[in-house]
Amino acid sequence: MAIPVIDFSKINGEEREKTLSDIAKACEEWGFFQLVNHGIPLEILNKVKSLASECYKTEREEAFKTSTPVKLLNELLEKNTGEKLENVDWEDVFTLLDHNQNEWPSNTSGLKGEVRKLASKMMEVMDENLGLPKGYIKKAFNEGMEDGEETAFFGTKVSHYPPCPHPKLVNGLRAHTDAGGVVLLFQDDEYDGLQVLKDGEWIDVQPLPNAIVINTGDQIEVLSNGRYKSAWHRVLAREEGNRRSIASFYNPSYKAAIGPAPVAAATEEGSEKNYPKFVFGDYMDVYADQKFMPKEPRFLAVKTL
136 MAIPVIDFSK
146 INGEEREKTL
156 SDIAKACEEW
166 GFFQLVNHGI
176 PLEILNKVKS
186 LASECYKTER
196 EEAFKTSTPV
206 KLLNELLEKN
216 TGEKLENVDW
226 EDVFTLLDHN
236 QNEWPSNTSG
246 LKGEVRKLAS
256 KMMEVMDENL
266 GLPKGYIKKA
276 FNEGMEDGEE
286 TAFFGTKVSH
296 YPPCPHPKLV
306 NGLRAHTDAG
316 GVVLLFQDDE
326 YDGLQVLKDG
336 EWIDVQPLPN
346 AIVINTGDQI
356 EVLSNGRYKS
366 AWHRVLAREE
376 GNRRSIASFY
386 NPSYKAAIGP
396 APVAAATEEG
406 SEKNYPKFVF
416 GDYMDVYADQ
426 KFMPKEPRFL
436 AVKTL
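If you read the sequence shown in the numbering used here, its first letter stands for residue 136, the second for the next number, and so on.
Quick caveat, the hints were computed from the structure, so don't treat them as lab data. Watch out, some of these pointers could steer you wrong.
The calculated lysine to aspartate or glutamate pairs, modelled on EDC-like cross-linking and capped at a C-alpha distance of 20 Å, are [as the list claims (entries may be wrong)]:
| # | residue 1 | residue 2 |
| --- | --- | --- |
| 1 | 269 | 259 |
| 2 | 252 | 262 |
| 3 | 184 | 249 |
| 4 | 184 | 196 |
Make the full structure from the sequences, and use the hints.
Structure (structure tokens):
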């Protein structure tokens with residue numbers, strides 16, 4: 136069993152219908168798939184890959200040696216209990232956000248624009264596959280948008296998973312689903328470690344040079360009324376190699392009201408909505424405390440509209 140790999144360049148050619156079908160199937164059965172020939176220029180990907188690695192080496196590596204995960208692992212080894220650190224991640228991370236002090240460096244802004252464009256295309260594909268009007272998902276995420284200015288929450292999480300001397304005793308990143316909308320991941324093309332849960336089995340998301348991994352978050356599950364499930368995924372700690380991960384997320388505005396789309400809610404039995412309608416910011420308040428817990432109670436705990 137392997138993660139679906141889809142040639143996105145065929146979305147506008149003679150194989151459009153097959154490509155749409157392949158994406159629909161990947162969204163329904165996996166919630167995770169890899170895009171090749173996605174349109175983001177190779178020179179931009181190479182530049183960002185180099186800058187991310189350089190940033191870690193010059194600004195982050197030394198600090199990680201005295202970080203909380205390292206301290207906790209050393210304490211665990213001293214106790215020699217054989218237990219695993221279940222509530223910590225062997226991960227160095229910083230986030231790049233719009234309208235924030237951690238904005239994108241000017242020499243990486245090309246990737247930001249390309250990723251946003253690809254996210255928009257992917258949401259339009261989901262619209263079409265779900266039988267929704269073109270632009271429905273993007274409009275739902277951008278509640279309050281005026282004069283074309285987007286209100287959706289866009290950012291990028293840059294992570295490194297340094298070599299771990301005892302990878303069986305700690306998680307690289309604990310299993311979770313993503314809270315938001317569409318996630319576009321430029322993962323390491325050399326070191327593996329990312330896994331997705333499929334039919335009760337953890338499946339490796341194999342490194343594929345210059346591919347973009349797409350995964351659907353909780354809000355896509357809600358909008359599709361459960362047709363597209365957000366996928367559980369995790370990262371394993373590695374004894375060798377410093378794994379790099381650059382994940383961009385296109386999430387709803389914190390004020391956006393998210394609920395099942397009318398067409399998506401229609402079932403053979405009638406118009407049955409399986410998910411509540413809520414404000415995304417309220418959902419994030421719940422998610423902050425329950426990220427690594429079962430997701431179904433999160434949908435029930437959030438204040439409904």
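Requested in this report: Take the C-alpha atoms of residue 184 and residue 196, compute the straight-line distance between them, and say whether it is at most 20 Å.
Outcome: Given that 20 Å is the threshold and the Cα spacing comes to 16 Å, the pair holds.
Query raised in the report: Between residue 252 and residue 262, is the straight-line Cα distance small enough, at 20 Å or below?
Result: Satisfied, since the Cα-Cα distance of roughly 15 Å is no more than 20 Å.
Query raised in the report: Regarding the pair residue 184 and residue 249, is the alpha-carbon distance no greater than 20 Å?
Result: Holds, at roughly 15 Å.
Query - Holds or violated: residue 269 to residue 259, with C-alpha atoms at most 20 Å apart - result: Answer holds: residue 269 to residue 259 is near 6 Å, not above 20 Å.
The structure meets every hint from the earlier list without exception.
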